Structure formats: structure tokens, C-alpha cells
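A.B. asks: Going down the list, the sequences are from chains A and B.
Just so you know, this note's numbering puts the end of the first sequence at 720, numbered straight through with nothing missing.
Just so you know, this note's numbering puts the end of the second sequence at 1435, numbered straight through with nothing missing.
Fair warning: there could be bad hints in the mix.
[What the hints assert, rightly or not] So the derived list for chain B, only partly shown, Cβ under 7 Å to chain A, looks like this:
hint, residue
1, Phe1195
2, Met1344
3, Ser1347
4, Cys1348
5, Gly1349
6, Cys1351
7, Pro1353
8, Arg1355
9, Gly1357
10, Arg1363
11, Lys1387
12, Gly1390
13, His1391
Since the hints were derived computationally from the structure, they do not count as laboratory data.
All values reported here derive from a predicted model rather than from experimental measurement.
We put the beta carbon where it would ideally sit given N, CA and C, even for glycine.
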Amino acid sequence: MSDDIVNIEVDGKPVEGRRGQMVIEVTDHVGAYVPRFCYHEKLSIAANCRMCLVDIEGAPKPIPACAQPIAEGMKIFTKSPRAISAQKATMEFLLINHPLDCPICDQGGECELQDLAMGYGRDVSRYNDGKRVVKDKDIGPLVSTDMTRCIHCTRCVRFGDEVQGKPQLGTIERGENVKISTYVEENVDHELSANIIDLCPVGALNNKPYRYSARAWEMEQRATISPHDCVGSNLYAHVLRGTVKRIVPRDNESINETWISDRDRFSYEAIYSAERLQTPRLKENGEWRDIDWADALSLAAEVLSAADSDKTGIIASPNMTVEEAYLLSQLASHLGTNNLDHRIARRDTSNQDADPVYEGLGCSIEALESQGAILVAGSNIRNEAPIIAHRLRKASLQGAKVSFANASEYEYFFDVADYISGNGLVSLLAGIAVAAADGKDMHASVASICKDVTASDADKRIAASLADADDALLLLGNIAGRHAAYSAVRALAAVIGELTGAKVGSITEGANSAGASLAGLLPHRQAAGAARKEAGLDVAAMLEGELESIMLVNVEPDSDIHASSDAVRKLSEQKHVIALTSYISEGLLEAADLLLPIGTFAETSGTYVNVAGTWQSFSGVANPVGEARPCWKVLRVLGNLTDAEGFDFVSSEEILSTARESLSDTAAGYYDAASVVAKPNGADAPDQEIDTPLYSVDSMVRRAHALQQTLSAKRIADER
Amino acid sequence: MAYEHNQVCFHTLGSDESWTLATYEKDDGYQSWRKVLAGELSPEQIIEEVKASGLRGRGGAGFPTGLKWSFMPRDAEGQKYLVCNSDESEPGTCHDRDLLRYNPHALVEGMAIAAYAMGATVAYNYIRGEFLDEPVPRFEAAVKEAYEAGLLGNDIQGSGIDFDLYTFVGAGAYICGEETALLESLEGKQGRPRFKPPFPANFGLYGKPTTINNTQSLASVPTILRKGAAWFAALGPEGSGGTAIFAVSGHVEKPGNYELPMGIPFKDLLNDICGGVLGGKKLKAVIPGGSSCKVLPAEVIMDCTMDFNSLQQAGSSFGTGAVIVMDEDTCMVKVLRRIARFYMAESCGQCTPCREGTGWLYRMLTRIVEGKGEEADLEKLVDVANKIEGHTICALGDAAAWPVQSFLKHYIHEFEYMVRNNGRSIVDDPSRAAA
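Generate coordinates for the entire structure from the input sequences, incorporating the hints supplied.
C.D. replies: Right, here's the structure in full:
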């Protein structure tokens, strides 16, 4: 290791760096700030802005710190007259054609150019000729453009090329006519595209929905967690007087690095959707009317207490917080029912007894990058978890063989090793399992499925890639989880894992499938994975059964329930349906007879456990809309009103600490091939597979205006 | 004094169809290459010979060619490339064009030898887009003739040596004459210089070790090997071996391309070779090596010899050997404005000082010419030029700055005159007309 240490001097102080580091990395590390625009640690080096010029002893001219590798004995002066003069010169050049319209620029107050101009600019410009004006581009509903402000750092260009893998912006023309542009008029529509807003050091690329609605300095920055996928991307909400104005990424190298998906960034618009349920509502004789909370809660408690314990059911979303899931599970125990489930998208639960405590990724999110081979089966992963798709792309760029087994073909912006498709997922995986067994006897659990299956060349290559890599992973996605023969899918996955040595993991539904499973929001499992004596009804069985009361929590039966078809009609035939919901939808109005308004993730505190098992708590960031209340408070009162014991929590933190006592040592797991027996109870037809479009995954996303204006969303709308 | 013309690159000139293989071979062409094919010349010998010849790059920077070749990791595994830079775009320069038209085989042979010496089996000749009319077809015809004569290809004449040569035609951008921008363009990308390090010898075309040489440099190689390094070196003074093709333009009686020994006194070049200043006027200034070089006043250049050291000592540089001659009636402000416009138009736009600064320079000069200049602009011109110089990825920024610095250094009175007289040039001063 000592060979890797390079001794240099920064501003006269001896400093150690690692071989291969650029000067700017070392100066940043020791806190000797060098101004920069084009440099970004997640992007390749462009060295084009010339703002980071520093003085290096022996060099005939100032050297860009971002592009100069350190060398033994190098003496760097970041603040010598030559360095400062070069930096000031660059600033002067950058400003001559910059409009300096900071007072009407959304970037004002949080602009890298504005900040650095304070230190390196002149108070009066020496430039008295005409300034350049550049026509703005329409690049879609998410990112606004003011191209006259552009300083051509090309961060946005490099983001498209290097992070998305889908080059959408580039430079056209030359000299001072250089413009950032799409080559052909088009929208930027990658699922991570809006990160260019944060990358842009000036106000050229800005947040379109947020445009002109607040100033950076008048908002509060509050940390929160994304509720839209199993990743748990770290977010900041920027809040003005209790209203969320925008969402930006919060750096977390082990989860989302410095990126967030467009879904995470713009879903906040739905907090203020016109479809928010503002007050509790009751349906009497087919007519809906507003009622007050006290009446609504006692009505709900009455219904729940009156029902026979085995005639009561709870269907909740996998987006519940751990605290909410724990209270629901406790409430169910109190009511004496095991009919509770959060697996609203799962169609086949037939071998659920072999479930792990919760389905996990199989490795940490960061470790995805260091896998040697990854097989993604039954997943439109760019839709399901954009950040995980990004990590897979990075793995592929670092040499991993990333293959896909999907009924349908989806587009990826990296070299896919093999892509098998066309058949149902069970057939596809059976081929790989046969290839992995390589003539040996097939494991009994899947022997009947694999009988008469022959492995194709692609199957063999995939199986070999998993077997040959030091670290290999088989990932089952949402489409797999919703497969009508999921028990066969996961049995095959377990067998392939056992035969090849690959880990098996899942991309799970919602933000907190893991937490909901841990908390015992399942018909067959109590908290921490202990089996219930007698399993209750799963989602499909509750809908088919004749229950007296069903409580729907954060579920829109017309869109979210894949476990059963025709959920709205089935619910409307039940005696009592109480829905805790943030939104009104036609399906809910038809299915339910009591609606209780609960807050979105922004209006409640809670905890999500992501797919890698990371617990992340957050506080409420926004004032509640209308009379909506945090779901945990509603559940707490329902507990009190039904005389449940231990429902005296005064904060979500109290619930969490109580819940954690029983959950702390539980780890994610996957199926043991020996214990899983495939009991396929559904068809393996490709056209039966359920893929939720990118901007339809949950009730918030479906109501986020800007996201619904994107091409991805409009294409779906047009198809309908 | 009589000077011998056309000893190296233009040796076939004057023959019928000087560009054909037959003519070139009659003129001892391909002898050096045949020696290589016969195994009589090792790569080390070639590189040593080129080093000893004192050949320096004719593309502008004057880097010793043999030394450049020795930087190539010749024995490293994998593909290596040779690239010839025929993107001749430096204002005033037009000798590569004639080389391609009249003696393309010298270049083909030079490239084959250079590639062999550096372990490259593939070479590209990147030719300026505007040369599509005559130089490109002539060069391509020569390559075809050479292939047909069994001088190029795989296992050439059973020697075990492979060499393939391709022509690539650029789209007419000055910046693509910068070697790394040329590589980008050759790869099909926008012609923008790369940041160095890494240098092309380590990370060049498609990331492989690559050497880029100028057309004239490569075309000199066959003669050097045939007649010997000592002969070549002795043609010119110390530090500037061989001949150079001087592309003389501007106010002279006989402008043109003249291949002459390095170190010829400027006054002989002007008076004996080019017939003196046009119309017998007085000489005012000369840009000795293309518009990117610093301008030299008449009294300075008249004492110079045309070689690397002499011109450098005089405060300019040899550049490409493009000699731009300006007589006493030339308005230096207008000349500088025209030059500044060129660099503004040709900046690739990648790095800030050049992208923004070249336009600023041009606009200030335009204002001055239009009579709207201020005295403060003159200081500002130099200051802006100083802030571009040395601050950019490639040398285009320097090339844009040097004319401004040198014109204002030597001819500040012309700029002051124009600013004080609402845009009237000093050459239009009434007192001059009266005289």
C-alpha cells in the first residue's frame, strides 16, 4: 500500500494523497477549496471550464486541478497570485455573456456561478459589447431551460452519456455559438433525467414544476425518504410555510449516491392534488357526505368491534411505515383476526410457509456494483427501481455480465450479456435451471417443471456466468412477484441459486415490503417472522370471502390490487369497507362506505426498511392537507376505541422503539431450495405478466401532474 | 546568392506528371522503403537517422520528429497508429496542399517508413475537407498505385511487414489540425482537443498509442534515409536541419511555395526569391510562420534567417513557414481584426477563455475599426489576450493571443491613432497623402 501514497504539498502544507488522484481531490480532502464548474466527482473529467486553474511549482502555466494527477513532491498553490489571477480571468470570461439576471432566476441564491462570482468576479464588468442570447429549448415537462445562462460546463451532457447511458443532450456548433441541445427536438425522458437540474451549476436547467414558486433562502430543508420504490432514496424536501415546494436528493453513497429518480423528485405535486380526501366521508344509501373525525372514528370502531373476529380483514399497502404496519398487526391481534396482508400485488401465495422473514436484495445496494454476474428475472427494473437499474448499469460497465429473463423485452443502456424472452417466466427459468444442473438430477422441488425442458445456448451462457463469477446474484423483480405461478418462479430461482452459487434476491413492491413483513402484516406470520398458529386469509381470499368488515389502508382497489381481479366489485359486495386513504378515486367511492383521510409520506413521521434491510426513519415535512391525519394516529385512536391494550403511544418514535424490541435481530433471507416446493397455481403465459408503468406505481405518482405530462406517461395514457 | 530549390519534398516538381509512381520511382522514390522491406533498415536505425537529421515538425510547433517517434511504446502489445496531419489550415499556409498534389508518393513512402519504425501497421492521412478537389484524389490515386505495385498491404513483398494506409477527409475545421482534436474527429466525434496528459503516444486514436506528424515532416523522411542524416542536417543551420517549404503570400511580386534550405536570410527570400515587395513599396511587417505567430516589424525580420532559432530569438517563431508579407500601406489594426475574426470563428468552444475571449477580442477590434473605440480598449485588448494565453486546453487560445500581443506591442501607435481619429487608419492620414 505504501507505494500508493504520494507526498505532495498544498499551500505549503505537506499532504498525503493516493496515486492516481487528481489535484482537486486532494485539495478538497484537505479543505483547500478550489473553485470549479465542470468538475463533478460522479462524472468524467472535462477540464473545460478552466475555473480550477492552480499554480503548480515548475509548470510553465496554470494547471487545471481537476485533470492533473498528483505526483511525488508536487507543490500546489491554490491561492498564489498566479492561481487567483487565472481563476479571476476565467470568471470574467464566464460572466461576459452570462445574463446576470439573478433576481429573476430560480437558481439565484443557490447558484454556483453566483457564489463564486462573489469571490472571483469584479463588481463592474469591463465588457461593454452585446451579450449572447440563446433560444430556450423545450426538453419536456420536468426541466425548464434558460439557455442564455448556460456556461457550457457539459455536466448535463456527461450525465446523459455516462450515468443514464442514454445521450440526450450534446453540444452543437462551435466557438461562442456553442449550445447545449438535443440534436433532434426531443424530450429528456430517462427515468433519472431531472438530476441535470442539480448538476447544472447555473440557472440554465431548472425545475419546471417548481419554477418561480419560491426562493431558495425562504424554504426549510427537511430530510425524508422516498416512498415509491424499495430503494428508500434519501431526499430533502424544501418546504415553504409547511408546503413542499420541491424535492432534491440527499447524498447517501450506500443507497442513492447523489441521484434520485424523476419519480422521487416530482411526486410531491400529488400532495396538493385536487383528488386529496379532505375530510372523513360516509356513504349512506348510496350518497356520500362529509362527517367529522369523532363520528367517523367511532363508526369505524363500532364496525370493527361488531364483526366476528374471523370475518374481519385488513388489506394494506406495502408503502405503510413500520410503525403503521406494527399497529395494524397489533390491532388485528386485538380483534382476533389473522386476516391481514400487505401483499396486494401477489397472485400466488401457495407456498408462503417457506417465506423468509422478509425478501431482501441478497446483497447491499452498493455491492450490486461489484457482482461478477447478475441475472434479472421478471423485472422491468428501470420502472421498478431506477436507482437499482443504475447500479446494474455501473456493474455492467465494470465488467459484470448482466443478463435478463423476461417475457417482454425492455431497453437497457448498457451491454446486456444475454436477454432471454418470449416465453413465460417459469419456462425461461426452467431452461436456466436445466443448464445449471448440467445433466445432474434436478432438485425434487422443481423436477416436474423441468422435465422435458432443454437448455438453449443462452440459458447455458447465463448459468455459466452465474456459476463462474465470484459474486453472482439472481434478482427477481416485481413482475416475478406478481406472477400467477410465483411459487414455481421462486422455487426455480432457489434451485438456480443453489446450483450456481448465486445469491437470490428480490426487488420488492412499494417502499416497505420488508418492514411490513417484519411487523407481521401477513396472514401467516407474526412480527419478526414467527409463524401464526393458523394462517388467516390472504388478499385474494379476503376479497373472495364473505367478510363483515374490511379495512383498506392506503390502497386504491382500482389500480393497486393485482392479487385478485375485479377488486372493486368484490369489495363493493362486502358488508363494510373502511378505507384509510389520502385520495378519492372512483374505485374507492364504489367499494368503500367510510373514507378516513390520512396523510401522505410527507405529512407523517415513520420508518421504512428498504430492500437491503436498512432502517430509515423520517419526520413529517409538510403540514397536513385538509383534515388528513397521519395514519399511525388514526390507528392508535381506533385501537383505543376498540379497547385494545398498549395503544397509548404519543409519538411514532415510541411505536418504533416498541416494535424494534421484537424485530431488531431479524435479517433478510431467501428461500432454501430444499424447503420450497413449487405449487404453481396459475398460467405461465407472457401476456399474463403484470408490469406497472413508470409513472403509475402508486397513488401519489399517478397524481403527480408533471410526471403525467411526460412521454412515458402519455404513451401509456394513449394506449388506454 | 543562388539557392538550390526543391531538394527534398518537391524533388519531382518539374517532371511530367510529377505525382505518378513512375515519376517518383525514376527519381529514386521508394528506395528507402525497399531497403526496409529487404530488412536492411531496423526501426532503431531509422529513428536514430531521423533524430540525427535534425528534422523538426513542420506543422508549427517544430518538435523534433525523431524524438517524437522514440516516445512510442514500439514493442507494446496491441494496435498502434500513425496519423498524418494534412489538415493544413493555418492562415497563409499552402505547402501541404501542393505536396499532396505534386508529390504524394513521398508522403506515402514517408508514412510507410514512419509506421514501420514505430511498430504501427495502420496509418491514416487526415486531409482537410477543402482539399477534396485536387489534393485528395491525387493522394488516393498514389495510395492505390502503391498498393497495386505491392508496396503496401499485408506481408509486403514477403517481408513480413504489414502496412495499411487510409485517407480520411475532414470537414474543414481549423481546430482539427490540433492533433488531439484531429484524433477525435477521426474517431467520428466533434473535433475538440483532448486534455493532455495522457499524450497520444500513450492514449491516442481509439485509446491506442498514436503518433501524429505533419505532411511535410513525413514526406521528408524517404530522402533523409536515402541521402543520409548528415546531408540533410547540413542543408540548414544548427538546430534546423533540411529544407522547408516557404509559402510566401501578401505584398510580394512573386508569391508562392518555395522549398529552400532552412536558414535562408529573410532578405534573400524576399528580394531574390520572391522579387521584392509588391510595387517596390516599403516593407512594414512580416508574420513569419502563419497567423498564429507573432508579427515582426520590417527592421527586425530583415536581419533574421528563416530557421527555428533565429526567429525565436527575434520574438516570433518559425511556425509552418507561411510567410505573410505586409507593405507600408497595410493597416495593422484591420489586419489584426481579420486575424481575430478567424480565431473567434475557429474556436471549438470547449474551454471558457478561448470561447468567450476570442469573441471579445474581435468585438473590441471591430469597435475600434468602426470608430467607436476608446483608449482603454487598447490596454484591455492586451489584458484579455494575456488571460487567454496559457489558460486553455489547446494552443488555439495562445494562437489567438499572440497576434494581439505582438501587434499592440509593435504597432500601438496605429491603434492609438485610429482610436483618436474615429476609426481613420494611420495609412489614410492626410499628411501621408501629401507626402
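A.B. asks: Provide an ascending list of the numbers of those earlier hints which the structure does not satisfy.
C.D. replies: none
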